[in-house]
Structure formats: structure tokens, C-alpha cells
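Protein sequence lines, in the order shown, are assigned to chains A and B.
Mapping of the first sequence onto my numbering: position 67 corresponds to residue 67, and the numbering continues sequentially without gaps.
Mapping of the second sequence onto my numbering: position 72 corresponds to residue 72, and the numbering continues sequentially without gaps.
Since the hints were derived computationally from the structure, they do not count as laboratory data.
There may be inaccurate statements among the hints.
Straight line, CA to CA, 20 angstroms or less: simulated EDC-like cross-link-like pairs of lysine to aspartate or glutamate [what the hints assert, rightly or not]:
(1) A:Lys74 / B:Asp98
(2) A:Lys74 / B:Asp60
(3) A:Lys74 / B:Glu142
Per label pair, the in silico range of CB-to-CB distance [as the list claims (entries may be wrong)]:
(4) B:His107 / A:Ala71: 17 to 27 angstroms
(5) B:Leu26 / A:Val52: 16 to 26 angstroms
(6) A:Asn25 / B:Ala108: 53 to 63 angstroms
(7) A:Gly48 / B:Ala108: 28 to 38 angstroms
(8) B:Asp60 / A:Leu67: 14 to 24 angstroms
(9) A:Ile14 / B:His106: 28 to 38 angstroms
Glycine included, C-beta positions come from ideal geometry on N, C-alpha and C.
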Amino acid sequence: MYWQLEIVLFLFLIVTAASALWVRNLVTAVIVLSVFSFFSALLYVAMGAVDVGFTEAVVGAGISGVLMLVALFKTWRRSSD
Amino acid sequence: MKTHRSNPIVSLVSRMVSPFIMMFALYVIFHGHYSPGGGFQGGTLIAAAIILVRLSEGSDTAQLQFSRSWGTPLGSLGVLIYFGTGLAAVFMGGRFLDYAALHLAHHASMSRSYGILLVEIGVGLAVTAILVSIYDNLLEGEADA
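Bound-form chain A, shown alone:
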């Protein structure tokens, strides 16, 4: 709809994706990935795909962050062998 808004959202997407790769702390990476997901949901809504944006907000920012956090808490930094 508004191309200026879309460009800003794309910039935020790039920044959050790069910082999710950049940070050393894995919990921080999961949170930043949820933020990435939320911005992509905003981008879908700005492009007029409300249904896809809703799904992305619910699944990406809600459930997948929690599941990745649980997976992180079940793993260790060092291997046992």
C-alpha cells in the first residue's frame, strides 16, 4: 500500500535478521528472531495480506519462540563425549 512503510519494514527485517545471526547469546537470538517474525507480520499486513500476517504473528511471534526456548533449555553448550 505505502511503499515508504514497506521499505522501513524491510530495513527492520534486515537489521533484526542480521542481529539474530550476530548475537552470541542464544536466548537473545531467539527473542530477536521473534521480533523478526513480528516485523514480517507487519510487512504482510502492510502489503494487504491480513490473513498471512495474522498467522505469522500468532505462530512466529507466539509459539515458535516458546518452542525454540524450550529446545534451548533442553540442550547444553558442550557435548558429552
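Assemble the complex: chain A is given as a structure, and chain B must be docked to it using the hints.
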């Protein structure tokens, strides 16, 4: 999560917010054919409300809200509702998932609307149960996760 400490503010807020998220999820499911949303989104919202209480209260206390053993039966029931709606249309002389053949209302369009509602309820049940059981299976074996 590993060492569960109860915090009254976190526990009260999550227990208060959880029913409202479920209410919104029911709205999303039952208006899925008029507005954005539907069975998948609504089911995911219900699962998010259940997982929120599990995160704040610990899985053992949260069994009172949604038991660990309900995951597989409710998921299977959801798939059966979906498949049964399709098969009922076949048995009543239509094609698979041909809601107009179900004759749920006088007009074919209203019959399709109710048929889609049945399918959405099935999808919502299945998605809720499977997402919660994914969370439970990931945390299986923890003391009070």
C-alpha cells in the same frame, strides 16, 4: 524453567490473561469464514494461552487446566471431525468436502458456511492439542518444568 520459582505477579497475570486469549481464539475460529483467521490461527491462540499458563505455573500445576494425556485424543478427534465432515458429504451424495450436499440449512450457501465452520472447529482442536503436546513432549522428564 529449569528451577521453577513461583512469582505471584507473573502467575496472577498469566492466569488472568489466559481465558481472554482463549475467548479471542474462539472469536477467530467462529468468524474464520467472514474475516481473517480460521481454525489454524484460533487453535494456535488457544495453544498459546495454555502454554502461557504452563510456562508461568510449571507443567505439573498446569495439568489442572489441560492434561498431558489429552493431546493425542483431542488431536485425533479434530482430524476425525475434519475427515467426517468430508465423508458425510460423500455419503449424502456429493463430492468429498462438498458442503452443499450436507443440507445443513435451506440455502446451499448457508450449508457451505456451516460446513466450513465444522471443518474449522476440527482444525482448531487438532492444532491446539498437537501444539500443546509438542511442548509437553519437549519437556518430558524434567522435574517440574
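Quick rundown of the hints versus the structure:
no.	hint	in the structure
1	A:Lys74 / B:Asp98	violated, 45 angstroms
2	A:Lys74 / B:Asp60	holds, 17 angstroms
3	A:Lys74 / B:Glu142	holds, 9 angstroms
4	B:His107 / A:Ala71: 17 to 27 angstroms	violated, 49 angstroms
5	B:Leu26 / A:Val52: 16 to 26 angstroms	holds, 22 angstroms
6	A:Asn25 / B:Ala108: 53 to 63 angstroms	holds, 57 angstroms
7	A:Gly48 / B:Ala108: 28 to 38 angstroms	holds, 30 angstroms
8	B:Asp60 / A:Leu67: 14 to 24 angstroms	holds, 20 angstroms
9	A:Ile14 / B:His106: 28 to 38 angstroms	violated, 54 angstroms
Of the hints listed earlier, those the structure fails to meet are numbers 1, 4, 9, in rising order.
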